[in-house]
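Number of protein chains: 4
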Amino acid sequence: MSSEFGRVLRVSVFGQSHGRAIGVNIDGLPAGEPVDEEMLQAFLNRRKPGGSPLSTARKEADRPVFLSGLENGRTCGAPLCAIIENSDQHSADYQELFDLPRPAHADYTAWVKWGGQADMRGGGHFSGRLTAPLCIAGGIARQILARRGIFLGAHLSAVGTEEDRRFPLHPTAALFDEIAAKPFPVLDDAAGERMQALILEARQAGDSVGGIVECAVVGLPAGLGDPMFDGMENRLAAALFGIPAVKGVEFGAGFASARLRGSENNDLFAVEHGQIVTESNRSGGILGGITTGMPVTMRVAVKPTPSISRPQQTVRLSAMEPAELTIRGRHDPCIAHRAVPVVEAVAAAVVLDLLLEGHHGTF
Amino acid sequence: MSSEFGRVLRVSVFGQSHGRAIGVNIDGLPAGEPVDEEMLQAFLNRRKPGGSPLSTARKEADRPVFLSGLENGRTCGAPLCAIIENSDQHSADYQELFDLPRPAHADYTAWVKWGGQADMRGGGHFSGRLTAPLCIAGGIARQILARRGIFLGAHLSAVGTEEDRRFPLHPTAALFDEIAAKPFPVLDDAAGERMQALILEARQAGDSVGGIVECAVVGLPAGLGDPMFDGMENRLAAALFGIPAVKGVEFGAGFASARLRGSENNDLFAVEHGQIVTESNRSGGILGGITTGMPVTMRVAVKPTPSISRPQQTVRLSAMEPAELTIRGRHDPCIAHRAVPVVEAVAAAVVLDLLLEGHHGTF
Amino acid sequence: MSSEFGRVLRVSVFGQSHGRAIGVNIDGLPAGEPVDEEMLQAFLNRRKPGGSPLSTARKEADRPVFLSGLENGRTCGAPLCAIIENSDQHSADYQELFDLPRPAHADYTAWVKWGGQADMRGGGHFSGRLTAPLCIAGGIARQILARRGIFLGAHLSAVGTEEDRRFPLHPTAALFDEIAAKPFPVLDDAAGERMQALILEARQAGDSVGGIVECAVVGLPAGLGDPMFDGMENRLAAALFGIPAVKGVEFGAGFASARLRGSENNDLFAVEHGQIVTESNRSGGILGGITTGMPVTMRVAVKPTPSISRPQQTVRLSAMEPAELTIRGRHDPCIAHRAVPVVEAVAAAVVLDLLLEGHHGTF
Amino acid sequence: MSSEFGRVLRVSVFGQSHGRAIGVNIDGLPAGEPVDEEMLQAFLNRRKPGGSPLSTARKEADRPVFLSGLENGRTCGAPLCAIIENSDQHSADYQELFDLPRPAHADYTAWVKWGGQADMRGGGHFSGRLTAPLCIAGGIARQILARRGIFLGAHLSAVGTEEDRRFPLHPTAALFDEIAAKPFPVLDDAAGERMQALILEARQAGDSVGGIVECAVVGLPAGLGDPMFDGMENRLAAALFGIPAVKGVEFGAGFASARLRGSENNDLFAVEHGQIVTESNRSGGILGGITTGMPVTMRVAVKPTPSISRPQQTVRLSAMEPAELTIRGRHDPCIAHRAVPVVEAVAAAVVLDLLLEGHHGTF
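Residue numbers (the numbering used here), protein chains in the order written: chain S, 1 to 363; chain A, 1 to 363; chain F, 1 to 363; chain X, 1 to 363.
Simulated from the structure, these hints should not be mistaken for lab results.
Note that beta-carbon positions come from the ideal geometry of N, C-alpha and C, so glycine has one too.
Each hint should be verified, as a subset may be incorrect.
Pair by pair, the computed Cβ-Cβ distance ranges are [to be verified]: (1) 200(F) - 200(X): 47 to 53 Å; (2) 41(X) - 311(S): 43 to 49 Å; (3) 178(S) - 274(F): 50 to 56 Å; (4) 280(X) - 200(F): 23 to 29 Å; (5) 65(A) - 147(X): 44 to 50 Å; (6) 178(S) - 324(X): 57 to 63 Å; (7) 115(S) - 181(X): 51 to 57 Å.
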């Protein structure tokens, strides 16, 4: 069940980069939910490579066609399947790669697994292109959540060594909208300028650079998630590692908490407006896998784009001999900024799944 | 299905800290596998709190009793259920906590979820004590893996700001044994000394400190794991976040890869002894969710023990009023070093689960 | 995940017939639910072999010990593990069977699967004894359901060629109680006499006889269950086939509906007391996998006890030669009447699982 | 996860009867498997309504379009998504049904579940039309199985009170082919004539009639399936009840075994050509949920088509008042014969899923 996640809300992604279509089948959506296609398209556009030098020149319309599950603009209880037809394919660019696995790509592992049967043109099913259907699922989930007062936002927390500031203790829907509307999704635009400079510099050097995405979910009730292996963290992490190039996931203070004392890391409880809150949120809104009612916050590490234009050493599989590989074609010098809506999408789908499951504590 | 993980090998943990017994039910173990109980006990002893001032004074024998699934020292195909009876309980210590949730513990979220019905004595089902049954499952999995030439080891990578060195590119079973035999599980004993000093210092200050565990798995075949949401990373992460106090998980270079260029982060392919290897292992032995055949490496962030002896602010739930809480009883000033075998245990169970599933690529 | 069923409510059965203990781990029970142990024991006693000549002479106290999940008589949110210790074991009876698989038992298939490593004394994990832990789970589920006005009952619908009458269109909780209190669980006691005579006759002939159990669930809301593969029928059937010796499952008119015309089989809708009902219930309260609000009815075929005292032909595995086998020991000449509470137990657990999942239609 | 089944091989069906397209996403297919599209089409054609008076006049081309997972005629490891575009829609026929639920259809339960949001034109997602994508999945699975010497076949075992003879003890692939090539899928053509007469008679009476499908799988290894809740029977039954109109499932002698003595029902073991076999197969090739190596046999009860042209009593939902309904449009007077390849398809997918999981007994 490799390309699927969720329990009540099951999101199944299909397609290869250069196949006929990519798409997503979403089983378990509640019925009667309006899907605003324009708003969905705006969300999808956030991950689209653009005319900007920060991204690949490959043009992708990413216009979803709904095959099922949507009638008169509303979900109808049946599984919702949506596809994006592939039009702009340059298969020739990838021809030589079949025998020369690209470093840090899945070419080699796919070859081991599928004995050379994999359709690896453009990364095949492992391509970042497959995050488009993920965004369809997440974009729909976001709309359903927003109607219940639950909002998600993300920003680029770091590119290489350049860092954005962190989300405030209580990020608002308005802040999320503001970031989403920016051409470069950061809180601090000056930091954003430095990040963009770094990306361009990498590009000019025929290289690439990694980054970190911070995501927050506000408006969640306390009590969501189950103990041990089925908590909010387990399920978010399991899904987030499904985004290509993600190599680390942390919640709240995450790895930084390892450097803290308990007295520094513990979030103290307080009463505010008749509600129990914590005065800080180093737990990322999750204790024992269960939401506290504070914002759920996570950070996701995205490795540098593996495709770089510099020559790299690899192995010619047919001969089992060392070989040099120069990757041609169009590539993103950084994918972290394009991963921002994808992280939101995955988080939205996971959160909606947990909400649909009910709290399950008492009955 | 909160307290369970795995697909073919299903590990279900049960028990509360101060209940009659804690235990684990393991469904899906292959039949005919010897379980060396002495070796298992030695593994369990690694997480046991001891007489050392680094740990709680609470004494736990942690001696498993096998109720099913084991006949004449071998697994018999039926689910293996093993329990540890609780003997050393000081429930009185926790009496006042019911109304005063301890900061950074699951007391509050359990109260929200279960409406005050939870048995939260000693942390209840959220207690670190529940890692003992996890170690039974992992300890058995380790033995099965070792017979197939697959070995796991872990060490304390950091405590607070003090860091151990990282595993070498190719850690060996002998190295894992060497660390396991040490009273304090580090590679660099001098760093270990500094870590221990830090822990004692925290203890004396009525405080606690966090840490990071690094774990490696060697001997795995290439091709293990499925794309997108069912890869080695997804499944390890989902399970590792089930260990109490874990707030971050990364593979290979993880968060550090976000700071690297592609040319620095990409592992170049080479041929060694007729096998394809990578010359570095920043991918942590995983590309596209699928193993490369290189060691699988991960790091796990453990937050500082939430229980500290300093007074802390909380809320009296019955009155919804601020209150001061002083946690009495015996607590670990650091749990990261005790988490070392637990991370190994969880990783062993996940890896065995994936192996039992088969490669599933071709048929 | 062989010995487990359920999605939110996960029931995992462990133990072998002649092992140290058999038991069940139930993950996902709502918290704060009282468990009346006396009522549970009464339920367990219904499947107990007794002093009657209708059953095996083997004495089983079947007294559950709760290891976790129950505090002060109430569920506490943590997994509930309960065991029954085995005391009355006659392993010697089974000694010769290891090499001579008993016809219609799982001895041979277990031997193929586990290469002779299985603990098959008394049927091992395949033993009807394992239905006792199932009854613990189901007995607890029944109590939770009853508090919500949902009641289950079952009776022996047939033994061999002797048939009881069918449940009325609207069976009541009182009727269920009445049957449960009978020494032989039928609606029509005259039919029950004939069934008992048939069982005794089979016993005297060194033979055994099969039967059919009919079960009904009343008080369920309409709208429970999901389309296609996750409906009430799919999930009940998947679990019911887990009861040893079950070879058929049907809902409503079941196989008989194949002989009917549409005009005879269709249940017509009507309004009664402001509620939509059907005037007959040949659908068994389920349309499209989803409950109609009418009683859910099912029938379960139980094959004759495979253990008979007549000599039977089998194969000596070590020699791959034909051999004659005479099964000694104590055996039920019929297990269908003992399966009555087991069918109720499994149905109760499945129904509670679906209820805990929520309706999932709209949100 | 309503419209999905399988563990390693996950089959997800989507679409509504009158939506844009219906389809199936299959995740977990082994890579490198050729898909013979002509053979697949021939299989799909077996469930197609035809020009015959036995079926609806609705014309469905049922020509699958492969969106992903298939490259150069072979599976490529990525999920295979195939769709059938809907062309021949007569939505007007169903207009009045929204407020008048058709007896024995899912109209009412869908209305309860989805609050009137369901797209129930032509039965929506509950339509028998959704068995076409199931046949795509099963048709591909069949081809993969056939290459391993595993063959499936089915025939119409009964229509109303008319019965075909049963499969012989060892049905062959040739026999399966022979039945598949017949216009009416029975073993005994004389019985087939009587069945067809019965169907025509029902049609002329504005009525419909039910039937039973018998299916067999040959060539399976012994040892497939896991104990208790994850055996061959549990998984076949769970999936088979996903076929619209199925109300009963039995294996081997099934319900008939309830009428037998143990001495009549037990299959005796014997050695044949150095292999252990049973001399009869009342167990349906399954003992303890695990295959014996004998043919796996099952029978599936299909209720009479709910849509009949006679006026029927129902309820006007908007008014909660009794109403009379006359269903117009084109309907099958019997669907059991069209269910024959569907049962094969579902069985093929389940069997392949179990095979892909591996035997899991020993490791």
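Determine which of the earlier numbered hints do not hold for this structure and return their numbers in increasing order. Hint 7 contradicted; others consistent.
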